[in-house]
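> Here is what each chain is made of, one letter per residue.
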Amino acid sequence: MELLEARGITKRFGGLVALQDVDFDILEGEIVGLLGPNGAGKTTLFNVIAGTFPPTSGTIKFAGKQITGLKPHKICRLGIARTFQIPKPFPTMDVYHNILAVSAFGCDKNRRDHHERRQVGEVMEQFGLAEKKNALGSELAVFELRMLEIARALVTQPRLLLLDEVMAGLNPKETREISHIVRRLRQEGITILMIEHNMRATMGVSDRVMVLDQGMKIADGKPEEVCKDCRVVEAYLGEPYVAG
Amino acid sequence: MNRIRLTGIGKYSPFGAFVALAFVPSFAGDYYTALLTSVLCWIGLAVSWHFFSGTTKYVSLGTAAFFGIGVYITAIFGMSLPFPVVLLIAAAISFVFAAGVGVVALRLKGIYFAILTFGLAELLSNAILFWENQVSGTRGRFVVSIDVYYPILGITFILLVVILALRRTKLGLGLRMIGESEEAARHFGVSTTLYKVLGFATSSMFMGLLGAAFAPRWGYIDSSMAFNPLYSFMPAIMTLFGGAGWIIGPIVGAVVISLLQEYLLTTFKDYFMIILGGILVIVILALPQGMTGKLLTRRPLFVKRAKRGV
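One line per chain: the protein sequences are U and C, in this order. Numbers 1 to 244, taken from this note's numbering, label the letters of the first sequence in order. Numbers 1 to 310, taken from this note's numbering, label the letters of the second sequence in order.
Looking at chain U on its own, in the form it has when it is part of the complex:
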């Protein structure tokens, strides 16, 4: 079943076309990697889905419901949670209250009643934040900030989780840990769309990858197929590297 259906998504910023006529579906329970060189439009696509700004044209349906142009808080409450590429903690609130505050707002009442609620304590335990319970948002290290971003997103009881470069700048051990988390969340029934630059990790964890280049979708398929796609190699490495 399609959880997210995007049709003809175009986003212009003045003369710059950040996204051009992008179509895609995300099926319930999938892990989809979103790849592309810098400036390809990946984060713009996330912003359009999460409601940060509306698309210039095109429509987005979530679980069969039109969500194009809705405000971000509404989209979050309907069940799409995101993390930020640059973590945005509440800097003078401690970890516990960072998560608690989000859990107070992030989920519609009727939806909350239907789902078993993730408790703040449980989420902190799960993401290794229990020891940092009293640390302020501004005092956390990079990996802890990423964990806090994911933990906050999860207490909104999302059906679709948008992860924006959660592995960037992490060491191999931490990267593996994030891969584990992503797989575990899928087992718990959460669909995941992740932007990632770490090719190996993305290829390893995704069921399917989509590649954006200059605002257009140039590939969509199984990781091993997309890897061999000439256009993808060209987008990343340049024309001379495309094998004959």
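These aren't lab readings, by the way, just hints derived from the structure by calculation. Owing to the predicted nature of the structure, the values given are computational and were not obtained by experimental measurement. Hints should not be assumed to be uniformly reliable.
Claimed, not checked - Cβ-to-Cβ under 7 Å is the rule here; a few derived chain U residues that face chain C:
| id | residue |
| --- | --- |
| 1 | R82 |
| 2 | A101 |
| 3 | V102 |
| 4 | G106 |
| 5 | F143 |
Built from N, CA and C at the ideal position, the CB exists for glycine as well.
Got chain U; can you put chain C on it based on the hints?
Leaving out everything else, chain C in the frame of chain U:
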């Protein structure tokens, strides 16, 4: 959140303080009663300002606009309607007016919001002056004569109780999240527009209420008194001076600065602004988090960390 709560007997001390304050006029002279009235009014304005601007970091310099609206409501209706009714009208009009302004102004951030709100007070002041000059042909108004000590004491007390309670509601939490990171707040389910407008209107409502209660002290008012820019700047300065982290900050700031101002004004009549300005600069340089900033560090001296929970 570093919420600090008084424990044991300390919990009731604020109530005790207000009961004690109710008896002040019976033994203190007129001068001290009048001074205390001003101090209480400043506390009310600073705490109201802090509730919205201190929490969300949308710095408003429009306090005088709402205070002045209150003053004029009393000047207009004070003679014909019972005082409590006048106060209710002032609260309602300030709330509605601030909500209307907020819908437009709260799209702006930082310095732009500050300038727009400052301009609002000036606009009202000059609009009323224009009206008086050109239309009604009057200058200023007489205000009904009422003892303002108890109204101001009562309103400040209620305002403190209501604002402390509101800070623990979803409105208070949402405003806090907006101040911490508006981008994160709106992506995690906070309807930022609604919360900002409600917060701004609530804070302005108390400012209008204080203006309405304070007006009879003057006997006669005009637009330059009612919308004096001092009312816009002082609550912001008091909050910064006292520390914006916790509600005790604006209270301490209001008490210290208003007493200091009074002392300097009576002692060094001509130089008081220079001295006051100098002291403010030194304190803000020495204590960037305000006088109570240190209280918010990990281990406060005489208070316990609050129990967890919203």
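> Each of the hints needs a verdict: does it hold here or not?
Each hint, compared with the structure:
At a threshold of 7 Å, the smallest CB-CB gap from R82 (chain U) to chain C is about 6 Å, leaving the interface hint in force. At its closest, the beta carbon of A101 (chain U) sits 5 Å from a beta carbon of chain C; the interface hint therefore holds under the 7 Å criterion. Evaluation of the V102 (chain U) hint against chain C yields a held restraint, the C-beta minimum of about 4 Å falling below 7 Å. Interface restraint check: G106 (chain U) against chain C, minimum CB-CB distance 4 Å, threshold 7 Å, status holds.
Checking F143 (chain U) against chain C by beta carbon gives a least distance of about 18 Å; that is not within 7 Å, so the hint is violated.
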